[in-house]
Amino acid sequence: MTSNSTSREWIQALMAEDPLDSVDVPVSATVDDEQLDTALASVGLEALSIEAQDLVLALTSSVASLEPAIRDRLVKAAGRGLQNRRDASTPLPRLLFLARHTAVESIESVATSISVNSDVLLNVERGRVGLEALEAQAVAAWVRHFAVPVDQARDALAKALRLQTSGDRAAASACGVEIVEASPFFQEVMSYLEDKTDT
Amino acid sequence: MSDDDLIQAAREGRDHAGPFLVSMYGPRVLGYCKSIASDLSDTDCERIVELAIEKAVRKIDAFDPARGKFEAWLRTFVLHATQDWRRSNQRLVSLDAETRTGHSLAETTTAAKPVAGSVDSESRLAPALQALRDLLPQLSLPDQVIVGLRDIEGRGVDEVASLLGVSPPACRQRHHRARMRLKQLLVADPRLAAVISGEPA
Chain A
1 MTSNSTSREW
11 IQALMAEDPL
21 DSVDVPVSAT
31 VDDEQLDTAL
41 ASVGLEALSI
51 EAQDLVLALT
61 SSVASLEPAI
71 RDRLVKAAGR
81 GLQNRRDAST
91 PLPRLLFLAR
101 HTAVESIESV
111 ATSISVNSDV
121 LLNVERGRVG
131 LEALEAQAVA
141 AWVRHFAVPV
151 DQARDALAKA
161 LRLQTSGDRA
171 AASACGVEIV
181 EASPFFQEVM
191 SYLEDKTDT
Chain B
1 MSDDDLIQAA
11 REGRDHAGPF
21 LVSMYGPRVL
31 GYCKSIASDL
41 SDTDCERIVE
51 LAIEKAVRKI
61 DAFDPARGKF
71 EAWLRTFVLH
81 ATQDWRRSNQ
91 RLVSLDAETR
101 TGHSLAETTT
111 AAKPVAGSVD
121 SESRLAPALQ
131 ALRDLLPQLS
141 LPDQVIVGLR
151 DIEGRGVDEV
161 ASLLGVSPPA
171 CRQRHHRARM
181 RLKQLLVADP
191 RLAAVISGEP
201 A
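Note that the protein sequences, when read in sequence, are chains A and B.
The numbering of the first sequence is the numbering used here, which starts it at 1 and goes up by one.
The numbering of the second sequence is the numbering used here, which starts it at 1 and goes up by one.
Check before you lean on any hint, since a few could be wrong.
As the list claims (entries may be wrong) - Cross-link-like lysine-lysine pairs, in silico, DSS-like; alpha carbons within 27 angstroms at most:
no.: 1; chain 1: B; residue 1: K69; chain 2: B; residue 2: K34
no.: 2; chain 1: B; residue 1: K55; chain 2: B; residue 2: K69
no.: 3; chain 1: B; residue 1: K69; chain 2: B; residue 2: K59
no.: 4; chain 1: B; residue 1: K59; chain 2: A; residue 2: K76
no.: 5; chain 1: B; residue 1: K34; chain 2: B; residue 2: K55
no.: 6; chain 1: A; residue 1: K76; chain 2: B; residue 2: K34
no.: 7; chain 1: A; residue 1: K76; chain 2: B; residue 2: K55
no.: 8; chain 1: B; residue 1: K69; chain 2: A; residue 2: K76
no.: 9; chain 1: B; residue 1: K34; chain 2: B; residue 2: K59
The set of hints was computed from the structure by calculation and includes no laboratory data.
These figures come from a predicted structure and were not determined experimentally.
Take the sequences, apply the hints, and build the full model.
In structure tokens:
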């Protein structure tokens, strides 16, 4: 199956092997057609077997020319996606700074909302002091304030604590996750984040 | 650069992944978008592909090479972005009509019913979607292809008939029977019962 014409010949042969009048399919009234349409429109081609995907791709292959301006826009779009990925795996203070920046909220407003001193919060956010300058409960409230998913917050918190412990990024990546995640501060923040009734 | 290298670079958030992705797949996904949305303008298709590429890169961790080709995976984002585009456009048309007539059209437009991709419909349909993902590969190859072309990609009967080298009536009948076979598989699956009855799985 290396070309459209080969794919077409192949699928046509398969169609011929299964003539219409040899098929006996009782009508099922149990599945609603509208629901099925909606579900099929949601699943995407990867729900098919790989062989069927290959056939569909080969049969419908279509290439459009990319003008330089459009190419630039698509590259920028991919760049935004990549930046989003980098932001999502950033240490917690920077992650929360980006969230505040996106929400266009002042540091004072956030500080008031989570009941901490705004100067302390700003220093933590900028990385001048460690996260432990705040109470674990305040860190959890800060995360909640921007509705950061718990899994993402866990990774970002671990990354921030590794950086604080080891001092630089290269050393941070070598610093064991287990060591950081076993620290009392990490555990306390996570226990607040995972227990919604406490904060 | 191979697909594997490209995907790894994108997963690591490396800048060079963007230009490579666009060079390798940009013309194909734009061509795909134009083929499934021939009623939309070139500008609309380009914007849809922009949105699809950005979202695909953000979600690149979800790509599983064991489940298929990267291009098929990218097509899903284009397909959903096209559906979203049509939906938002339909809302604008609906709002415009309401403004002119003074009557709410919410109940008479498709924008009012649950559609693929919305949070509500996705959570409600989650068991059925998983059942579909599990059961679709059990269909014969021709059945999968015709369901893929007609239902997943939303292509018209005439186009699919031409692609498959059969007459439009034969294509219509073949498609109908493929769906019947799929329904037979689905009704035997307990996950679907919850969706049909509206009860949680």
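Problem set entry | Hints violated by the structure (listed by number, smallest first) | none
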